[in-house]
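Student: Build out the structure end to end from the sequences listed, making use of the hints.
First to last, the sequence lines map onto chains C and D.
Quick note: the first sequence uses our numbering, first residue 70, plus one each step.
Quick note: the second sequence uses our numbering, first residue -18, plus one each step.
FYI, nobody ran anything at the bench for these hints, they're computed from the structure.
There's no promise every hint is true.
Okay, derived cross-link-like pairs now, DSSO-like style, lysine-lysine, Cα gap no bigger than 27 angstroms in a straight line [what the hints assert, rightly or not]:
1) D/K120 to C/K384
2) C/K316 to C/K384
3) C/K437 to D/K298
4) C/K424 to D/K(-10)
Rough simulated footprint, nothing fancy, chain D against chain C, three-plus residues with beta-carbon under 8 angstroms [stated by the list, open to error]:
5) 107 to 119
6) 434 to 440
Computed from a prediction, not measured in an experiment: that's the story for all the values here.
Every residue, glycine too, gets a C-beta built ideally from N, C-alpha and C.
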Amino acid sequence: MAVSQKTIDEMTENLPLPQNLVDALRSDLQKVDVTKKQLEDIIERALESYEYARIAPCEAAGVVSAQSIGEPGTQMTMRTFHYAGVAEINVTLGLPRLIEIVDARKNPSTPMMTIYLTEEYANDRDMARKLAWDIEATHIKHVGSLSTDLTEMLLEIELNEKAIIQRGLTAEEIAEKLEDELGVTVVTEKNILTIRPENESYRELLQLSKNAESVIIKGVKAINRVVISKDDIIDEYVMYTEGSALKHVLVFDGVDTTRTSTNNVNEVYEVFGIEAARNSIIKEATDTLREQGLTVDVRHIMLVSDIMTVDGEVKAIGRHGISGEKASVLARAAFEVTVSHLLDAGLRGDVDELKGVTENVIVGQPIKLGTGHIKLMATKKT
Amino acid sequence: MSAVPKKIKEIQFGLISPKEFRKMSVTRVITADTYDDDGFPIEMGLMDPKMGVIDPGLRCKTCGGRAGECPGHFGHVELIAPVVHVGFAKLIRKILRATCRDCGALLLDSNQKKQYLEQIRMLRKIGQPIEDITNEAFKEARKPKTCQYCGARQLDVKVEKPSTYVEKDGTHEHKLMASDIRSRFEKISNDDIEVMGMDPSKARPEWTIMTVLPVPPVTMRPSITLESGQRSEDDLTHKLVDIIRINQRFQENREAGAPQLIIEDLWELLQYHVTTFIDNAVSGVPPARHRSGRPLKTLSQRLKGKEGRFRGSLSGKRVNFSARTVISPDPNLSISEVGVPLSMAMELSIPVNVTKRNLEEVREFIKRGPDNHPGANYVIRDDNRRLKVTDKNCEELAETLELGWKVDRQLKNGDIILFNRQPSLHRMSIMAHEVKVLPHKTFRLNPAVCPPYNADFDGDEMNMHVLQTEEARAEAKMLIHVQENILSPRFGGPIIGGIHDHISGMYMLTKGDNRVDKNDFLEMLRKSRITEIVEPAGEEDGKPYWTGKNVFSQILPDGLNMTYKALLCENCDTCKKEDCNRDAYVTIRDGQLLSGTIDEKAVGAFKGLILDRIVKDYTPAVALQFIDDMTRLAIRSIMHFGFSFGINDEDIPDEASAQISELLEEAEMRVMDFIIAFNEENLEPLPGRTVAETLELRIMQELGKARDATGEIAGKYLGLDNTAVIMAVSGARGSMLNLTQMAGCVGQQAVRGERIRRGYAGRTLSNFNHGDLGAAAHGFVKSSYKKGLSPTEYFFHAIGGREGLVDTAVRTSQSGYLQRRLVNALQDLEVQYDGTVRDTRGMVVQFKYGEDGVDPMKSDYSRPQTIRRIIEDVIGKEVE
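Tutor: Rendered as structure tokens:
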């Protein structure tokens, strides 16, 4: 006599199990008929199994996590550049990338974005291409060639018609943009733009030519290149960019704001906040390790990510972050820049409460962690 | 017995005031001399016995302790003129600029002060850094041009070099002497000091200017007597001598009324000596040097860095009861054992309390004396007297042995010790083993425990630590023992398992349908726990035979059921399951291997699926037994079948060589085609790449393909019975790529992922044409290692190889630092009884460890698959 769906739901509700186990339990139970007795049995055994899998109190989870991430570091390759996703974009990988992540660098060496598109763009290559031109930073060199005429003392830009059309621009628009940015008058004659410096001097002409080269006619400044590729798994077009500017890219129509992301953790933090930054660290670290063929349990990476973000801002692992802000003077002195920590402690009249691990090792007392945390004493039977 | 050990609750930091210091000083030091002509320390000299003693036989004049007992006591030097403490030079500058030069008030209005003070007190209470606030206060206080309180005009303070301050009034410059600064600081009020981030009761600003110089105890700067009988003083003593001499000269000059210029020079000299006494690496100050030209190691240098006091002596300490020697393999030991040289076992000891129960046993140890292996080295009587056991007194000591005494017994078989190999990158780098005393001079260990230690036997050394207390031994046995560490907490899989020959052996034994007779069957299982012979698999020529799979099944625990695809599975489109023609479909039913081959994926370290299941479904002890049996069986099996590997194992028939060279020629032709297309500008660039980059990519691709193809040809001709192929296929050692390079073609040498381009202008070597883009000219090695490399190939190969060497060297240092930072940042985190993760101050980092509270090592028990297994088990049929 099988139990009804309702009983299953009732009995599996409020079980002290993680959600993924409850879900698995429910979906599997739907596929089979079980009696009440069997169901009770199953639940009991599931609880037992979970209970066994629980981490023991007093476990030094921090050290275990640190070792689990640090130890594979020795096996990682140094090869900085590799190709990810699309062959066209270089990304830092391996040990240098891992170091970059835990350092919480403001400017990673190879920022990169993965831009997902909304429905109407995602399946239409042309629409996607058009959006890509809008996002990619367009410089003069992309749309034409720039030359300085020293005899006439003027700057000449010969626009490439094909390129202009491709990027959805007109000669007038470009001229206008240049006028705005450089504060000069641009004479447009078909596809040739000429600019005259205010004063006729070589220096000014050269400076002008340099400035003109750096003007961004269209697109987002930090995005140097956009590559479109079809993701076979989700069957839609996805854009990959060299350079990252999450805040500016998200405002474009057609960009799916729910999935688009960057590999720059600090940018994620600024745009989406600390929880997103935490997930971003987990994702980046996991991807880096997986790419090297190393298996590390996510829980370890989570813990590292959590300690980096627990104060509400992304902090680096090391002298300028977590280790430098520890409460204990001795722990800080034992890590790096020993002397100045001691001198400052003296000035402030700091008190070291000897609660951490290093401090107690230094003074020669048992540490309050793991088996050292247990305070049990046998009373003598009389 | 000893008193209850005192516990340090907290440590208070602060500056020491001159007054306080004079009070705690045991003597004033007035002469720079150390010892008199008779070799006795001079009173009120630098080696005054009041400051502690270092020579054996003398007693400290302060505490009466002998050398070793007396911790030493501080003395002091009265400085004739105050000097700046270098460590506080920056702070002194800040204070000078932020306070009134007349009345000493902090140049902020009272509201601001109150506000900053509140913020600072708040931050202190919650244990957050206060630097941001105090820096802001200093910045604000620098702004006013006149004092808000007394109206005095403020002057700009300039800093020269490390510790000279100059006041600037228009064009007129006036040097601030340390005594001036000090008298200014004295005027600062307590409240103002607090706003500046200091605690006035622990540190007043004027205390950063020293008027009294502490003289560290003699015990801190012991002099050493050289062989010639000459005394050689410590660097600190040298420095102190300099200071005292200058101090004296200063005094004499001043009393004699020397000109101001001379006084100032001497003052500066005194400042220099005190500065270098504190820190001999201040920028802008030439380091004080020893006579030999070596810079002196003064106070800061003693604390700093890896070998400094903090990291070298306090965080890490040298220990007794430890041993270190070279390791070598012994496959006959259990993985939980370690072979300890007899000479070490006789030196290392374990203290045993003599009780009623063990009195006779201990007496036996003493009777054997120190030179007769499981003997005893020392006897500690109940009055704490330590008696050495010798040949002569052992009988007598054994007789007088009493309850309550302690005996230092020699290490013997079965004792638990800790075994460690550096670098200790994870917790499995230190594991508890059982001692097995063996002859010869190396530590012996089972090759199967090498992976967690990352050890090999090319000269590696390892350390052993003998546990001295019962608690430590209990803890070691329950937590650190090898069998408790078969699973790695990194990924929850086994990290101990078969390596190299264990895998080859298992592979050869279980692959296909090997038949062994009764003798061989018994011989192979001789060293395992199996004592009974099972029914033969069949009869051949009237003799019973057993298959290799039968033999392996003997060591599997009963009731084990598994099905998986072995490493040599080729991922065919439709799996033939049990009828696999490579015998890659492994099925185990009730502890019997029915089909499939045992390879790295079954029993290897890091991967071993069977191992994984045994540890998790049975107990660690069963797994330990299994690994022991498996390694022994594998060794015996590999000896039974025979296994060798030599240079002619890579011999390939002439037709294969012909095929390979033809293939390579074709590849080179195609490369030429690319180059021609490139030169004629016909090459279509890949999106986002230049034409030149595209050419490089295409060539690399083409040559890579060619090399792989040669490998396939070589592999085909070598066949699956080739020992090198067996090793590669079973995962024991090496890969098909290694084989390709030996028998086929070494392939493209690369630097930074690109073909080799460096060398002469436009060409790599002078025997190539300018602009030659061909394969050979840019580091493609056509030959195989077996055939031998041409001179140019050899050179290119060395270039490629060097990159690898540099890479490893850089990586080890980088990853080591990463590891240190990670551990340092996370070491205080602990899982609490409520399931949260907190640091030792109680700050919650995670509310539930890993979001589900599951131990990564046991995460297999908390997966959706586990739930399915439970359901299937309970209802007795499979879930769709």
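Student: Now tell me if each hint is right for this structure.
Tutor: Hint by hint, here is what the structure shows:
no.: 1; hint: D/K120 to C/K384; result: 26 angstroms, holds
no.: 2; hint: C/K316 to C/K384; result: 21 angstroms, holds
no.: 3; hint: C/K437 to D/K298; result: 19 angstroms, holds
no.: 4; hint: C/K424 to D/K(-10); result: 9 angstroms, holds
no.: 5; hint: 107 to 119; result: holds (count 7)
no.: 6; hint: 434 to 440; result: holds (count 5)
Hint compliance for this structure: no hint is broken.
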